[in-house]
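**Q** So you can see what is in the structure, the chains are spelled out below.
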Amino acid sequence: MSASAITVRLSLRSLRAHKRRLAGTFLSILLGVSFLTGTMVLGDTLRANFDTLFADANAGTDVVVRSADVLDSPGTAGGVRAPVDSALAERLRAAPGVAAAEPSVQGAGQLVGADGKPIGGQGPPTLAGNWLTDGRLNPYRLAEGRAPAAPGEVVVNRGAAKTGGLHLGSTTVLRTPDPVPVTVVGIATFGASADGMGPSTFTAMTFADAEHYLTPKGAGQASSIQVRAAGGVSQQELVARIVPQLPAGVQAITGTAATRESTQLLSGRFLSMFTTLLLVFAGIALLVATFTIHNTFAIVVAQRSRENALLRALGAVRGQVLGATLAEALTVGALASLGGLLGGIGVAAGLKALFSALGFALPTGGMVISAAAVVLPLLVGTLVAVGSALLPAVRAGRTAPLAALRDTGVDRAAEGRSGTVRVLLGGLLVAAGVPVAVLGATDGPSVLLTAGGALAVLAGVVVLGPVAAAFAVRTLGAPLPRLRGVSGTLARRNAARNPRCTAATASALMIGVAVVTLFTVFGASIKATLDDTVRKSFAGDLAVTTSSFGAGGSGISPKVADALAQLPDVRQTVGLGRGVARIDGHGRVLDVTDPARLAGIVDLGRVDGSLDALGTDGLAVSRSEAEQHGWRLGQSVTVGFADGASGPFTVRALYEGGGLAGDYLITRQAWAPHRGQDADTMVAVGLRSGVSLTAGKAAVQKALAPFGNPQVQDRDEYAASAASGVDMMLSVVYALLALAVLIALLGIANTLTLAVYERTRELGLLRAVGQTRAQLRGIVRWESVLVAAFGTVGGLGLGAFLGWALVKASDSAGTGSFAIPPEQLAVVLAAGLLAGAVAGLRPAGRAARLDVLRAIATE
Amino acid sequence: MTTLDVVRGTAARVADAVKIYGVGGTEVRALDHVTVEFPAGRFTAIMGPSGSGKSTLMHCAAGLDTLTAGTAWIGDTELGSLSDRRLTLLRRERIGFVFQAFNLVPTLTVRENITLPLDLAGAAPDQAWLAALIDVVGLGDRLHHRPSELSGGQQQRVAVARALAGRPQVVFADEPTGNLDSRSGGEVLGLLRRAVDEMGQAVVMVTHDPNAAGYADEALFLADGRLVDRMERPTAGLVLDRMKAFERGRS
Chain A
0 MSASAITVRL SLRSLRAHKR RLAGTFLSIL LGVSFLTGTM VLGDTLRANF
50 DTLFADANAG TDVVVRSADV LDSPGTAGGV RAPVDSALAE RLRAAPGVAA
100 AEPSVQGAGQ LVGADGKPIG GQGPPTLAGN WLTDGRLNPY RLAEGRAPAA
150 PGEVVVNRGA AKTGGLHLGS TTVLRTPDPV PVTVVGIATF GASADGMGPS
200 TFTAMTFADA EHYLTPKGAG QASSIQVRAA GGVSQQELVA RIVPQLPAGV
250 QAITGTAATR ESTQLLSGRF LSMFTTLLLV FAGIALLVAT FTIHNTFAIV
300 VAQRSRENAL LRALGAVRGQ VLGATLAEAL TVGALASLGG LLGGIGVAAG
350 LKALFSALGF ALPTGGMVIS AAAVVLPLLV GTLVAVGSAL LPAVRAGRTA
400 PLAALRDTGV DRAAEGRSGT VRVLLGGLLV AAGVPVAVLG ATDGPSVLLT
450 AGGALAVLAG VVVLGPVAAA FAVRTLGAPL PRLRGVSGTL ARRNAARNPR
500 CTAATASALM IGVAVVTLFT VFGASIKATL DDTVRKSFAG DLAVTTSSFG
550 AGGSGISPKV ADALAQLPDV RQTVGLGRGV ARIDGHGRVL DVTDPARLAG
600 IVDLGRVDGS LDALGTDGLA VSRSEAEQHG WRLGQSVTVG FADGASGPFT
650 VRALYEGGGL AGDYLITRQA WAPHRGQDAD TMVAVGLRSG VSLTAGKAAV
700 QKALAPFGNP QVQDRDEYAA SAASGVDMML SVVYALLALA VLIALLGIAN
750 TLTLAVYERT RELGLLRAVG QTRAQLRGIV RWESVLVAAF GTVGGLGLGA
800 FLGWALVKAS DSAGTGSFAI PPEQLAVVLA AGLLAGAVAG LRPAGRAARL
850 DVLRAIATE
Chain B
0 MTTLDVVRGT AARVADAVKI YGVGGTEVRA LDHVTVEFPA GRFTAIMGPS
50 GSGKSTLMHC AAGLDTLTAG TAWIGDTELG SLSDRRLTLL RRERIGFVFQ
100 AFNLVPTLTV RENITLPLDL AGAAPDQAWL AALIDVVGLG DRLHHRPSEL
150 SGGQQQRVAV ARALAGRPQV VFADEPTGNL DSRSGGEVLG LLRRAVDEMG
200 QAVVMVTHDP NAAGYADEAL FLADGRLVDR MERPTAGLVL DRMKAFERGR
250 S
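Chains as they are written, first to last, in numbering that gives the first Met the number 0: chain A, 0 to 858; chain B, 0 to 250.
What the hints contain is simulated information worked out from the structure, not anything from laboratory work.
Idealized CB from N, CA, C, for every residue including glycine.
Worth double-checking, as some hints may not be accurate.
Stated by the list, open to error - Label-pair ranges, simulated between beta-carbon atoms:
1. A:Ala830 x B:Arg85: 26 to 34 Å
2. B:Ala130 x A:Arg15: 52 to 60 Å
3. B:Gly137 x A:Gly282: 40 to 48 Å
4. B:Gly23 x A:Leu427: 33 to 41 Å
5. A:Ala16 x B:Asp125: 25 to 33 Å
6. B:Pro48 x A:Ala22: 45 to 53 Å
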């Protein structure tokens, strides 16, 4: 047998002998790797699903002709393009190599279901357009009925029809957002069998209807011209032939390029953000797992010190003892990672279901498992296991051979010199990290600086853990002796007797709780900011809105503001729309409104200049934005619109930013010539004095019925619904963090189980001198609670500080609020303590089951 | 005679050995200028009351512990100049150990425990030798058992077989019968005796049991870290008398 074979044999044997001791390690790696794999598989799957989706959508299209200029701004996906002349299709049809060319109008249109509720609009787009008559250009196939032929006739995709309870012959309303009465004459599938293009909805009208309702001029315009090549003409050839026929500012790209563009747009923005977020949480879970693994091996190595010493006495070199321990970690890591790999595929399916359940609809399709999604998690899981076991393994290698001959107790002596190093290093990290984080949060502010400081603080706290553990546990456990007598005293001393172990166990939970707290504080602060915004700037009584979240929906008809203004109960209304324009060359979001009607409903704070006089060549700009560019009243800026028009505008008013209105206000009159589909995102309503909120709301709701029933909310509801998106994000984050916290709790249970093994004799002695099983259980359980309390309290403090730093650092405008939600944090604390008690159940049961005689006889 | 004539010379020795534990007021002089040789092919017993330094002497002679002053040799290798790694290699190649307790790796079988030092060295065991050894210790039917399935005496016999497996220059036994009843102890001591007589093995045994010392060729007596006496061909009765005499002398 070779020398390394014995190393492997020793590690495998002790693995088999101590299976149960390593179960916690196995489980934490398995969970972490499952999550990592799940994330990667989900990312790959979604990317592939979207790829297929876009490829299917463009399957029959060889060339797309569209405006070359795209107006991009932060916060709008894909940018805005001017329409093209729909007559161009006619000319292209005559071009050589063209089999078919059709103008395509694409816009937003939300159907209202049979129950009066709008269909979709919670993320995925709700699209409307013309029914392409060329069967190959049109990715949809009629499943029932026929194509639209007359005004008001529509084909809807099968998914939307199912959701909304619509059938052939149903009459309903399409919000474009102006309500259009429509009759369903056909139900279509996407491709041969899918209910729709992913979860999006599509309503197809005749070309005339589409032009009329979805393009600003009402005729002669199309979003693009879709072209199909004649047999034997390649996409590139066709592009080359078409290009000479195109007017200036219009481009032709191949269908393949169009598909790639759509996919990249989605991968680049939505998907990469989505997967990065998930990867961060997988990373947190694995980080927490390293503590558990490290701890387990540290304890196992200590327990095995006599065995290792014997090996050393018999001639095992340090490397062999170290190797045996590492081989053990490697085996556990590799096996657990393999298990995690399988689990991960399940997790991917679960995550997809979770996001669907929480309202993020994602496209369906088979699982895609790339080589990277297999290799990387395997590698990471194994490395985490081996890396975490490295220090204990080195310690195992250093075992003095003489230790085999002495009856070495398992209690380790308190560390001397390394304790000083620890205090110095940890103190330095915290001392450097806190000011950096504070500086980043207050002066700048700089997220990067804060994150660096936060990391240093985190590392410092973990390093200081063992030093703080004994003190913290003694302090937190101070009431225990009075509450629980001898059991309490013993629990408190046990928790404090091996500070390094207690700290490592608690650190895992501390990190989990710190991240939970961080997000809770961050979320509460965002909600407070939103609440504050509404409170400060919304002076009206009622708000008419569509769904608060996502890009779906079609907005509110611009006629709503005027219609509501006619009501006897209503004093004043104003609509706020949204547009995109280039201002001095940079894409910016504009709020389109009637500035003169804002007063008394939307509070813009102190206004310099006059909102009434914006006219068709004036802008109002928030003061912070103006300061950033160095603009004053009377400044002239160039505004370029999506339709290609461009001209000088004058800054005529400055107002407080950070409210309901964004950074730029423009009049409806100035916007109208350049707009696309006309819509408001919100209509603010002020009631006449003396009209009760209930009565006013009822009247407004009644008046809105013809407009497809948009939501009516009073101020509190409006603030709450603005915050509901935050709550949804938080619930996703909590669900993702649950894993890290679970792993941390596994770590506590694991450490305690190992401690029970370690103290078998001592526990047996206690039982022998008359301690009851219940008292013994109590000792272990209370120790568990104490360790959990240390981790939870530390995590709360750390998380609150980091949350504060993050909130301040990311608030560059200085208008945000900071809020600590005491109830939620109390829940976190209670949950942490309770979880500690639960984690202690099994080890406590094990301790109580010890056979007294055997416990005392244990070698 | 045969073997005894071939293996002449010194298996291990210490010269002017001093070992001091602790410093200042807590200083303990465990070995105080001890010089002793363990000849090849001989069974030497180191006797003495607890605290006499007999275990320390063995640990230092076997390279498990280091001397404060003086030198320790295995054959002609001086231990003080060796690195931890060299010392370890020397232990597994040239020394065999039998300890009082916790002698076997609980997760390995009897056979694996016996070949452990060879396996650690990556050396192939001499199968004929191994078979002979197993035959001598009488555990042929227990080779695939775990230590926990053996009696204390059987475990110690396995430890003896392991110590002999690599044909070391010297076997150190630290109170090998300390945890055993007299019958099992007798078996283990008989084994060590046979190793000396039939295999020409050098054995050094630390014990405080006069009966155990009776199996040795020579007994050395330690008291307060000094070598105070030695006895050729000791018997249990003579050793007991000698030790009683020391006790009286001390008190």
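**Q** Against this structure, judge whether each hint is valid.
**A** Each hint, compared with the structure:
At roughly 56 Å, the beta-carbon separation of Ala830 of chain A and Arg85 of chain B lies outside the given 26 to 34 Å, and the hint is violated. At roughly 28 Å, the beta carbons of Ala130 of chain B and Arg15 of chain A sit outside the given window of 52 to 60 Å. The given range of 40 to 48 Å is broken by Gly137 of chain B and Gly282 of chain A, whose C-beta atoms sit roughly 59 Å from each other. At roughly 35 Å, the beta carbons of Gly23 of chain B and Leu427 of chain A sit within the given window of 33 to 41 Å.
In this structure the supplied range 25 to 33 Å holds for Ala16 of chain A paired with Asp125 of chain B, their Cβ-Cβ distance being about 29 Å. A C-beta distance of roughly 48 Å is found between Pro48 of chain B and Ala22 of chain A, which places it inside the suggested range of 45 to 53 Å.
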